[in-house]
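One-letter residues, chain by chain:
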Amino acid sequence: MVTVLNKFMMSNNRENKIGKEKEKKRTSRDVKIETKNLNLWFSKNHVLKNINLKISDKKVTAIIGPSGCGKTTLIRSFNRMVDLDGARVEGEVLLDGENIYNYGTNVVALREKIGMVFQKPNPFPMSIYDNVAYGPRIHRVSDDTNLDKVVEESLRHAALWGEVEDRLNANAYELSGGQQQRLCIARALAINPDVLLMDEPCSALDPIATAKIEDLIWELKEKIAVIIVTHNMQQAARVSQFTAFMYLGELIEYDKTKKIFETPKEERTKDYVTGKFG
Amino acid sequence: MMESKTELPTVRKRVGLGEIIFSIPTLLILAAFFLILGVIVYYGAPVISWNFLTGTPGFTMLYGEPFGPNFLYSEPFNLQILPYGGILPMIFGTLALVSGAIGIAVPLGVLSAVYLNEYLKEGLFKSFINQVIGNLAGVPSIVFGIFAFTFFSKQLDFGVSLLSGWFVLGFMALPIIIKSTEEALKAIPRGFREASLALGATKWETITSVVLPVATPGISTGIILGIGRIAGETAAILFAASIFYQSSLYPTNVFQPVMALTYHLYYEATSSPFAGINRPYEFGTALVLLGIVLLFSIIAIYIRTKSQKKRKGW
Amino acid sequence: MDLIGRLRKVFRNLPVDVLTRPAPSVDVLQLRGKEYLRRFFSPEGFTGVCALSSFIITILILFFLIQQSLPILQEMGYGQYALPLLSGLGYGDYAWILNNGNIVTGLINFVTGSTWYPKYLSFGILPLIAGTLVVVGGAMLIAVPIGIFSAIHLSEYCPLKIKNIIKPIIELLAGIPSVVYGFVGLIFLVPWLAGVFSLRSGQTALAGSIILSIMILPTIVTISEDAISAVPKEYKEASLALGATHFQTVWKVLLPAAISGITASIILAVGRALGETMAVLMVCGGVANMPPLSLQMFFTSVKPMTAAIAAEMGETAVGSVHYSALFGVGLVLFGITYLVNFIADLINSRFKKKFGRAR
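Chains as they are written, first to last, in my numbering: chain A, 95 to 372; chain B, 569 to 882; chain C, 2 to 360.
For the record, the hints were derived by calculation from the structure and aren't laboratory data. A few of these clues could be false.
[To be verified] Straight-line Cα separation of at most 30 angstroms, DSSO-like style, residue types lysine-lysine; simulated pairs:
1. A:K370 - A:K153
2. C:K253 - B:K878
3. A:K243 - A:K370
4. A:K364 - A:K353
5. C:K168 - B:K877
6. A:K148 - A:K243
7. A:K306 - A:K143
8. A:K352 - A:K143
9. A:K138 - B:K689
10. B:K689 - A:K207
11. A:K207 - A:K148
12. A:K214 - B:K722
13. B:K878 - C:K120
14. C:K120 - B:K754
15. B:K747 - C:K162
16. A:K214 - B:K877
17. B:K878 - C:K162
18. A:K153 - A:K315
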């Protein structure tokens with residue numbers, strides 16, 4: 095009965111994708127996500143102040159800054175997850191040149207293009223296979239053999255296949271914390287996104303798991319844009335090519351990672367990366 | 569296994585005065601429970617037999633005037649009627665009432681709870697609706713009973729019928745189902761919904777593919793609690809649905825009245841031609857009713873404890 | 002950009018299909034007319050209509066209660082002796098001629114009239130209200146102390162393993178149907194009371210109170226126990242660290258901290274007790290006289306409101322004055338339970354404001 099209800103009520107317009115132009119070859123010189131004078135409020139709280147940022151495709155961009163500076167809110171604004179938090183947005187966020195905050199934007203299709211990994215691993219209480227297959231099933235990947243292939247590919251990209259290939263039907267909670275997080279990454283990769291947003295993905299994990307995920311990010315940058323929010327400056331330095339430093343809702347400085355950490359332009363950036371405040 | 573354990577000096581826990589005094593009330597409550605249960609089992613168990621459970625009721629006149637055209641209008645003081653036989657139609661009747669009522673209450677209740685928990689924002693309207701639901705839960709069952717009579721039986725002209733019983737019992741179970749579904753939905757961490765939405769599912773897909781399946785144990789607990797409550801309900805069906813005896817023993821269409829265990833017990837025990845004549849019969853009926861209701865309660869408690877253990881993994 | 006190009010851009014951005022498009026965020030964007038329509042014809046609207054059902058049911062109940070009790074209220078607008086007088090003169094069947102009385106005065110007369118004697122068209126429900134109050138009051142007197150102390154025992158003194166067995170048993174107690182309670186009360190409690198107190202009949206308010214107290218105990222115990230367990234253990238540890246005994250800690254620290262939860266449980270129990278029908282019907286005796294204002298009230302036979310409706314409705318002609326009067330009793334019951342619920346909500350929300358969490 096649920097499927098009947100679903101067919102009756104479900105939105106069908108997944109074809110109305112954003113950026114309908116023909117498939118161009120994506121290079122790392124393209125600007126994937128661009129924000130123009132982005133301002134965001136939670137009730138009276140002005141959380142993001144005039145953010146102007148250009149994120150490149152096929153690069154890893156790190157967003158650093160002290161707690162509460164708006165990093166998480168910023169990346170959540172890229173796939174319109176801030177809608178769930180009741181935010182008011184002014185300004186534009188362009189994905190491949192189109193403003194995603196236009197009236198009439200197909201948010202569901204948007205989230206197909208942008209994947210997200212959260213701070214605390216949150217696999218669904220289903221089997222490993224079902225977790226990874228969830229996204230493709232929703233977007234109606236055709237048949238079972240195709241689905242198997244997609245699941246296997248995603249798990250390989252997430253460097254988890256070797257550890258779970260013999261127990262795909264086991265419950266996701268039987269995995270360790272690091273494995274669960276990689277499962278979440280696989281789940282996000284399964285829908286073939288162009289951008290991967292990662293909100294402090296390693297903060298709940300031990301150093302070994304963290305290292306594995308950092309290797310993973312390094313490999314991912316060949317194919318997609320990765321935006322990672324992190325508290326850990328050494329991680330940002332290791333993993334990213336571009337870094338944005340935020341403070342109290344403002345984008346203070348955005349440049350190549352090497353420049354940010356070695357020769358920052360702003361005083362506040364220098365203070366933060368040298369550890370004067372955290 | 570025991571030998572290798574190191575012997576630690578044990579400190580014996582002194583049973584304080586508080587413990588003794590405070591345990592008395594609990595013991596009283598437990599005593600009440602076992603007394604009631606015990607008495608019914610003791611007097612009712614001898615009556616339970618295959619015939620009793622599967623037979624049909626019959627009545628014989630003990631003494632008094634024979635059945636005749638004036639039977640109902642004369643008031644014979646020495647009329648006594650002995651009921652005997654089985655209670656199968658009543659069991660069927662109760663089950664019929666419950667199934668239909670749950671069929672109304674569950675879709676309505678689960679969808680309402682989904683709306684209240686997943687879609688509706690906090691605010692004046694939400695607290696108003698919550699108050700309304702709490703109020704509905706507290707309405708006395710007899711008020712439901714007379715409402716059912718005047719609305720379903722008279723206004724909508726269903727008459728004294730199974731259909732009326734379905735609606736009124738469904739309405740009574742509705743708040744229970746809404747509340748327990750809401751609890752089950754609230755217990756699901758926000759992360760699941762966010763992860764699903766971030767993967768590009770719509771809200772409704774998230775609800776049907778992730779949230780509701782995970783909430784199923786909680787919802788089932790609520791449903792079973794609701795069943796327990798309405799299976800034992802008398803006052804609500806007193807005027808709108810139940811009948812003491814009808815010759816067509818099994819409900820063949822929904823516009824017929826229905827024989828229910830609860831009403832049967834009440835009428836048996838208190839109405840003058842029957843009262844007190846066949847106490848064992850009454851005890852048997854009470855035992856069957858109690859058994860059914862307690863069975864459902866135990867199942868609900870079992871499901872709840874099992875799912876609470878599973879939830880630790882989150 | 003030329004006109005064609007601009008038009009093309011506009012058409013590309015037009016919503017393709019209003020009704021099946023997935024929902025863009027409505028917090029970020031402004032709500033426009035079409036938005037409401039689309040939201041209504043979506044899962045949100047469908048489930049929203051379901052959620053309204055509770056409201057609709059409540060309104061229906063209220064409507065029919067009022068509709069059916071209007072006659073008696075109007076007739077009693079002429080005073081509580083108007084109908085009995087009419088009946089005494091032999092014109093009882095013409096009660097409808099009094100149908101234009103003031104409803105409000107009618108209601109007041111209805112509620113304050115001290116004689117309930119349907120045979121002579123005397124419909125003052127004060128005896129019924131008094132009956133309810135006596136039975137429920139007695140039940141609370143018994144159940145509240147036992148319930149609270151039992152809750153204290155379970156949360157503070159009882160070993161966990163035993164508690165996990167006792168709590169489900171108490172919940173089972175709550176599940177027992179009220180007819181069964183009434184039945185057991187009728188067969189065992191009533192004769193026993195008659196024996197102990199040398200009464201002619203054991204069907205008294207006391208019997209009702211005892212049975213009712215057993216029925217509401219699970220409510221008081223489970224909710225109070227939750228409230229006491231929910232007190233942060235820091236309070237308890239602080240008190241014990243200061244040298245207080247366990248008993249003193251319970252009495253002076255835990256109970257006051259849990260007081261709002263306990264109060265909530267008591268109010269909920271009162272609500273349940275007020276609405277209880279079958280058990281009190283079977284054991285209270287059903288004599289609609291005003292109970293005396295002394296301890297003797299527990300030993301008299303009473304007729305609570307719920308029992309009155311249940312007992313008399315069966316023999317009442319539909320549409321008669323008596324019928325309407327019984328609906329009036331139902332209306333009063335509905336009002337009382339609504340009030341109790343309202344007070345409980347008020348306490349809950351005040352507590353939420355103070356402490357940021359319910360209870």
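Would the hint linking K306 of chain A and K143 of chain A be met if the CA-CA limit is 30 angstroms?
With a Cα-Cα distance of about 35 angstroms, the restraint between K306 of chain A and K143 of chain A is violated, given a limit of 30 angstroms.
Check whether the Cα positions of K243 of chain A and K370 of chain A lie no farther apart than 30 angstroms.
49 angstroms, violated
Are the Cα atoms of K168 of chain C and K877 of chain B separated by 30 angstroms or less?
17 angstroms, holds
Holds or violated: K352 of chain A to K143 of chain A, with C-alpha atoms at most 30 angstroms apart:
25 angstroms, holds
Against the 30 angstroms threshold, does the CA-CA distance of K364 of chain A and K353 of chain A hold or violate the hint?
Measuring from Cα to Cα gives roughly 11 angstroms; hence the hint holds.
Checking one constraint from the list: CA of K153 of chain A to CA of K315 of chain A, max 30 angstroms. Satisfied?
Since the Cα atoms of K153 of chain A and K315 of chain A sit roughly 5 angstroms apart, the hinted pair holds (cutoff 30 angstroms).
Restraint check for K689 of chain B with K207 of chain A, where alpha carbons must lie at most 30 angstroms apart
28 angstroms, holds
Are K120 of chain C and K754 of chain B close enough, with their CA atoms no more than 30 angstroms apart?
Measuring from Cα to Cα gives roughly 54 angstroms; hence the hint is violated.
Mind checking the alpha carbons of K214 of chain A and K877 of chain B for me, to see if they're no more than 30 angstroms apart?
21 angstroms, holds
Straight-line Cα separation of K878 of chain B and K120 of chain C no greater than 30 angstroms?
61 angstroms, violated
Run the distance test for K207 of chain A versus K148 of chain A: straight-line Cα separation, threshold 30 angstroms.
17 angstroms, holds
Holds or violated: K138 of chain A and K689 of chain B, Cα atoms, limit 30 angstroms.
Status holds; Cα separation ~18 angstroms.
Checked against the numbered hints above, the structure breaks hints 2, 3, 6, 7, 12, 13, 14 and satisfies the rest.
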